[in-house]
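Q: Counting in my numbering, the sequence shown runs from 275 upward without gaps.
With beta-carbon atoms standing in for the labels, derived distance ranges:
hint	residue 1	residue 2	range
1	Ala449	Tyr323	47 to 55 Å
2	Lys418	Gln349	28 to 36 Å
3	Glu325	Thr451	38 to 46 Å
4	Gln429	Tyr323	36 to 44 Å
5	Thr451	Gly425	17 to 25 Å
6	Ile431	Gly356	34 to 42 Å
7	Ser477	Glu414	30 to 38 Å
8	Ser460	Asn391	27 to 35 Å
9	Glu464	Glu414	19 to 27 Å
10	Tyr323	Glu432	42 to 50 Å
Simulated from the structure, these hints should not be mistaken for laboratory data. Backbone N, C-alpha and C fix where the C-beta goes; we use that ideal spot for every residue, glycine too.
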Amino acid sequence: MAKDRSKIVKRSRRLGITLGKENYVRRRPYPPGIHGPKNVRRRPRLSSYGEQLLEKQKAKALYGILERQFRGYYQKASKKTGNTAEVMLQLLELRLDNIIYRLGIAKTRRQARQIVNHGFIEVNGKRVDIPSFSARIGDEISIKQSKIEKGIIKQGIENIKETQVPSWLARDEKAITGKVTALPASEDIEQLFDSTLIVEFYSR
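Assemble the whole structure, with the sequences as input and the hints as a guide.
A: And the structure:
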């Protein structure tokens, strides 16, 4: 499976968003490279295409998705009824790795993807090890009982109360389970990028 192996720090600073555990953007509010400090107050003005491309890059980086798969989400959303930008966001949020992150079991989506890949997660009682698995309303997500004592899971359980669960998810902290109760609403989604510009990019 293809992966983006570029440094998280550089991507965070280049895109102006936090992708890892630390806020590198706040620590150094300028792009990476020797010319970065000179651009703190004077950044180049982007064209319409440049703005659309930047928003697409932000979304791909946040959800850890490469171009081919990301375009697939747009194409799928464009075929559904409703606002394409909102539907695409819903499809991204309903990814299993994102749900694990939203439930607080993982601190980052990268960590959530690792947890899913290692077969720690069950959906409706069945093991699922595909991070891009698309959950549906009514699906119950749980941790495989034999994996509860694993270090990465124990750490997530300890920090689970620190995470606020969005309204479209229900969480049982004692049983360490979650359930999809509705489609993600726009107000519950991290708006760190403009999905409308992404739709404009692909529909050119």
